[in-house]
Amino acid sequence: MEENELFEIGNKAVKHAQESGADEAEAFVYTEDQTSVTFIGGIFASRSGAVKGLKGTFARLAEFWIKKKGLPMITSGIKAGVGIRSVVNKAVGFCSVSNTEEKKILEAAEEATKIAKIRPPDPNWVSLPDSKKPLGEGGVFDKRVSQLEIEDLLEYCSGSCVAMGDFDKRIVQALIMASAMSAAFATINTNGLEAFDKRTAFTAYLEAKAKSRGEEASSGEELISRSYSRDFHPLARSASKRTIESLGKKPLSQKHTGKVVFESSSWNELFSAIFPNGISALNVQESRSVYKGKIGTVVAKETVSIVDDGTLYDGFGTMKIDDEGVPMQKKPIIEKGVLDGFLYDQYAAKREGRESSGNASRQFGAASPYAIQPVIRPSNLVFSPGTGSLDDLVRQTGNGVLVKGSLTGALHSNVITGDFSVSANTAFKIENGEVAYPLKPCTVAGNLYEALGSVVAVGNDTRSFRTVISPSLIVDKIVVST
Amino acid sequence: MDKALKHALAIGARFAEAKGEDTTTLSIGAMNKETRTVSQVSNVGVGVRAFYGKSPGFSFSSILDEESVLRAAEKAVKIAKASTKKTLLVFKPAAVRTLQEKKSTNVDKHPKQVSLEEKKELCLRESKTAMEVSKNIVNVNSGFGEYHGTIYYANSEGTKTSYEPLLVGLRVICVAKKGAIIVDAKDEYGGSVGLGTFEEQAHSPETMAKNAANWALEKLKSKPAPAGKFDTLVDPKLAAVLAHESFGHLSEGDGVALGISPLSGKIGQKLGTEDVTIIDEGMPEKGGYALPFDDEGVQCVRVEILKNGVLQHYLQSRATATMLRTEPTGNARSQDYSFEPIVRMRNTYFDAGTWRPEEALKELKSGVYAIDTNGGQVEDTGTFLFKAVRGYWVENGELKYPLRDVALTGNILELLKRIEAVCNDLQIGSTTFGGCGKMNQRAYVGIGSPHLRIKEVLFGGAA
Numbered sequence: 001m002e003e004n005e006l007f008e009i010g011n012k013a014v015k016h017a018q019e020s021g022a023d024e025a026e027a028f029v030y031t032e033d034q035t036s037v038t039f040i041g042g043i044f045a046s047r048s049g050a051v052k053g054l055k056g057t058f059a060r061l062a063e064f065w066i067k068k069k070g071l072p073m074i075t076s077g078i079k080a081g082v083g084i085r086s087v088v089n090k091a092v093g094f095c096s097v098s099n100t101e102e103k104k105i106l107e108a109a110e111e112a113t114k115i116a117k118i119r120p121p122d123p124n125w126v127s128l129p130d131s132k133k134p135l136g137e138g139g140v141f142d143k144r145v146s147q148l149e150i151e152d153l154l155e156y157c158s159g160s161c162v163a164m165g166d167f168d169k170r171i172v173q174a175l176i177m178a179s180a181m182s183a184a185f186a187t188i189n190t191n192g193l194e195a196f197d198k199r200t201a202f203t204a205y206l207e208a209k210a211k212s213r214g215e216e217a218s219s220g221e222e223l224i225s226r227s228y229s230r231d232f233h234p235l236a237r238s239a240s241k242r243t244i245e246s247l248g249k250k251p252l253s254q255k256h257t258g259k260v261v262f263e264s265s266s267w268n269e270l271f272s273a274i275f276p277n278g279i280s281a282l283n284v285q286e287s288r289s290v291y292k293g294k295i296g297t298v299v300a301k302e303t304v305s306i307v308d309d310g311t312l313y314d315g316f317g318t319m320k321i322d323d324e325g326v327p328m329q330k331k332p333i334i335e336k337g338v339l340d341g342f343l344y345d346q347y348a349a350k351r352e353g354r355e356s357s358g359n360a361s362r363q364f365g366a367a368s369p370y371a372i373q374p375v376i377r378p379s380n381l382v383f384s385p386g387t388g389s390l391d392d393l394v395r396q397t398g399n400g401v402l403v404k405g406s407l408t409g410a411l412h413s414n415v416i417t418g419d420f421s422v423s424a425n426t427a428f429k430i431e432n433g434e435v436a437y438p439l440k441p442c443t444v445a446g447n448l449y450e451a452l453g454s455v456v457a458v459g460n461d462t463r464s465f466r467t468v469i470s471p472s473l474i475v476d477k478i479v480v481s482t
Numbered sequence: 001m002d003k004a005l006k007h008a009l010a011i012g013a014r015f016a017e018a019k020g021e022d023t024t025t026l027s028i029g030a031m032n033k034e035t036r037t038v039s040q041v042s043n044v045g046v047g048v049r050a051f052y053g054k055s056p057g058f059s060f061s062s063i064l065d066e067e068s069v070l071r072a073a074e075k076a077v078k079i080a081k082a083s084t085k086k087t088l089l090v091f092k093p094a095a096v097r098t099l100q101e102k103k104s105t106n107v108d109k110h111p112k113q114v115s116l117e118e119k120k121e122l123c124l125r126e127s128k129t130a131m132e133v134s135k136n137i138v139n140v141n142s143g144f145g146e147y148h149g150t151i152y153y154a155n156s157e158g159t160k161t162s163y164e165p166l167l168v169g170l171r172v173i174c175v176a177k178k179g180a181i182i183v184d185a186k187d188e189y190g191g192s193v194g195l196g197t198f199e200e201q202a203h204s205p206e207t208m209a210k211n212a213a214n215w216a217l218e219k220l221k222s223k224p225a226p227a228g229k230f231d232t233l234v235d236p237k238l239a240a241v242l243a244h245e246s247f248g249h250l251s252e253g254d255g256v257a258l259g260i261s262p263l264s265g266k267i268g269q270k271l272g273t274e275d276v277t278i279i280d281e282g283m284p285e286k287g288g289y290a291l292p293f294d295d296e297g298v299q300c301v302r303v304e305i306l307k308n309g310v311l312q313h314y315l316q317s318r319a320t321a322t323m324l325r326t327e328p329t330g331n332a333r334s335q336d337y338s339f340e341p342i343v344r345m346r347n348t349y350f351d352a353g354t355w356r357p358e359e360a361l362k363e364l365k366s367g368v369y370a371i372d373t374n375g376g377q378v379e380d381t382g383t384f385l386f387k388a389v390r391g392y393w394v395e396n397g398e399l400k401y402p403l404r405d406v407a408l409t410g411n412i413l414e415l416l417k418r419i420e421a422v423c424n425d426l427q428i429g430s431t432t433f434g435g436c437g438k439m440n441q442r443a444y445v446g447i448g449s450p451h452l453r454i455k456e457v458l459f460g461g462a463a
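Same order as they appear, the protein sequences are chains B and A.
Going by our numbering, the first residue of the first sequence is number 1, and it counts up by one from there.
Going by our numbering, the first residue of the second sequence is number 1, and it counts up by one from there.
If you're looking for bench data, these hints aren't it; they were derived computationally from the structure.
For every residue, glycine included, the Cβ atom is placed at its ideal position computed from N, Cα and C.
Keep in mind that a hint or two might mislead.
[As the list claims (entries may be wrong)] Under the rule of at most 30 Å between Cα atoms (straight-line distance), these lysine-lysine pairs were calculated in the DSS-like manner:
no.: 1; chain 1: A; residue 1: 33; chain 2: A; residue 2: 120
no.: 2; chain 1: A; residue 1: 109; chain 2: B; residue 2: 104
no.: 3; chain 1: A; residue 1: 54; chain 2: B; residue 2: 169
no.: 4; chain 1: A; residue 1: 120; chain 2: B; residue 2: 68
[Claimed, not checked] Example chain A residues on the side facing chain B (calculated, C-beta under 10 Å, incomplete):
no.: 5; residue: 28
no.: 6; residue: 43
no.: 7; residue: 79
no.: 8; residue: 83
no.: 9; residue: 106
no.: 10; residue: 107
no.: 11; residue: 110
no.: 12; residue: 113
no.: 13; residue: 117
no.: 14; residue: 433
no.: 15; residue: 436
[To be verified] Computed footprint of chain A on chain B; a stretch qualifies when at least three of its residues, placed anywhere within it, have a C-beta under 8 Å from a C-beta of chain A:
no.: 16; region: 78-88
no.: 17; region: 214-221
no.: 18; region: 252-258
no.: 19; region: 261-273
With the sequences and hints as input, model every part of the structure.
This is the structure we're talking about:
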């Protein structure tokens, strides 16, 4: 849908909400076109009774690698919808509809107002945002992503499966997920705000499963980008390498308390699961953050500097405007170990009599953005790089543990206190400054906020994963056990 | 939808089907005595699936003008054509009887006839009651949810069904604090029922609030559960989760067909004790989530997965039924119009036995009484770890003292062989909170069980 169509829909909704008794109203109009492919290639699990022809025979395997066949699962479709906030007597009501028919939208607008009327007034409510000019050009919109054909994505998947199988004959199964999405969205409110932006996203996840001498290992690689990259070989190689490296696992002989090297992808996963909660101004105001009252104090090692930058070129989270229509900005969070500031949406900002930092977000898991109300989220959290490669960090560690790839359970961390206990599937013992051997799945536990004060060194191998852009790190005082 | 199906056939599909949806979900949350969140989401759209060659293709649109819907049909065919060149697996829907049926839902006090104000009051009544129980109740979280509307289905064989799903749920979570000890407990109830249900004594907001508050207060005096193997009485809520999470998923036809499930090839084998019967069905008499048809337009059949300990049937979609050379059971379900149907459970439960719960407790002699759960971890081998919400230490068939940190581990297939008593107090429930997740799709399900007495359950101690 075009910009003017979204504005037209939004304006109708806002006007109708006002007519039904709202003091203020806002409409978030969103449309997206998405195609995603999941592809499994290689040997399927073998058990008696399974479908004939799918039994894990080597003949099948050969057929797969030659003909690039497997089990494809593809969905593609269009979603459009409107989320409406009505404000009556300082109380906010929310209603959404996954449709752009006028009748449905007007019903939703009325419903939002009705909901507002049953809620008690919120003394902290001030107003919806005013109209402001965007600061930057916004993020990348890659036409190649919006025009990608189903066959292209399928070829990406089956091609990378074959690449992983070719990497090492011990790789017997591969799982690939690739998706292309283009979205356009607009925010309209009764303060005269009319803001529009669009984005594309190309994501791929490659996982290889290896079998050798009765042992199984699997590991994956992920790409999350605004633009299309046709070449899957680097990711396929990396996922395969990681998988093969982790064959020959040994148990950790004794509990390790001390230095752990977090490869950037592992650190990103842990960091993005916990840290955004600590720097949300709303959580600080409502005493759900360890950073309450800590502005201007030392909260991390001097090597730690973090900014949230919604204007970063090619950042996955970069947009002209946030999901309340406020221009995205760049702001320091931690400057050389000293806590500098928090992230604000309109509500939390007005509560302190300041301006929103453009961090209202309606992106949450698999939910449709129009079906949820904005919450405070980072745009692009950028962790300043230090010096040294991952190998250098391993050398500098001497004795410890190296954690790579995905961690299980990061989302179960205590986001208020920062305590985490995650399971690392791809971990290695470091002895005398070298990677000694892969470890059986182990538990890595610590406290994320305290970890920032125990950073020993920061690497220069920055990688971006969704909202976090960070290098690998060495952190001390981490407990690793089996 | 008819036009979309015709269009799909015209451009080459062998078979096409469509699901249309117009549903509404409302959720209200209150913390202490204040309404915190109220949100209504309405979901309207259509999903089209077309079969070509060996493969299905699926596409959807939430914009319902003719152009968008036809485009979805076109895309579905295009995907099927692209997939068939790459697939090793044949998806062929098994033959079923065509259905033309409209099913309406008639209950007293259907949520769409009840004011927002009254629904909000259900939550506030809970928090008010719970906070009055004791000053040690420091936090009360209450929630109300509803889901209803109409689901339409049509396919190119002539099946046309519609039904009106309905699900409501009410729950309360109480946090109690004394010194440094903080504990919580919950109560909840729901199903395909009208709001009159919450006026009945057993499920009123006041009863549930008092239950949750008292259980939380009792937990303040609890001791951590001991570690080791103990004979155990499992309450219906926890046993229901075992039936669904650890056993039910293993009986899903897709996992069986791919050979991933440990139940593959085990039809006719004795997996549990004589008393153990596990059912999955669309419309249980005892409550749950009422589903007349699945999302392939197939009547929901009552499936006896396990009968007197013997594995009888798997849960099937039309395609897995072909793969496993059996009949579809009406277990193909999708989260909403934007997802392709996959094999899912409906209402899964341990069927009632003959023991009275008091007798089962008495015969337990000494061990653990484990109650309710907020979930845990399961693997596709049947291995599980569940944390019970609360429990009691039992001696001489009597409750001795309350327990906390009750974590059970084991493998369901071994556990089924150690079920010594199945009681007669079957309860089946379903709520709008949570639901079941599989392949990134969520679905509302019902689960149930009576009390079960199980020999030698492994407890992890203080978790």
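Evaluated hints:
| no. | hint | in the structure |
| --- | --- | --- |
| 1 | A:33 <-> A:120 | holds, 11 Å |
| 2 | A:109 <-> B:104 | holds, 24 Å |
| 3 | A:54 <-> B:169 | holds, 29 Å |
| 4 | A:120 <-> B:68 | violated, 56 Å |
| 5 | 28 | holds, 9 Å |
| 6 | 43 | holds, 5 Å |
| 7 | 79 | holds, 5 Å |
| 8 | 83 | holds, 5 Å |
| 9 | 106 | violated, 23 Å |
| 10 | 107 | violated, 22 Å |
| 11 | 110 | violated, 17 Å |
| 12 | 113 | violated, 15 Å |
| 13 | 117 | holds, 6 Å |
| 14 | 433 | violated, 16 Å |
| 15 | 436 | violated, 15 Å |
| 16 | 78-88 | holds (count 4) |
| 17 | 214-221 | violated (count 0) |
| 18 | 252-258 | violated (count 0) |
| 19 | 261-273 | violated (count 0) |
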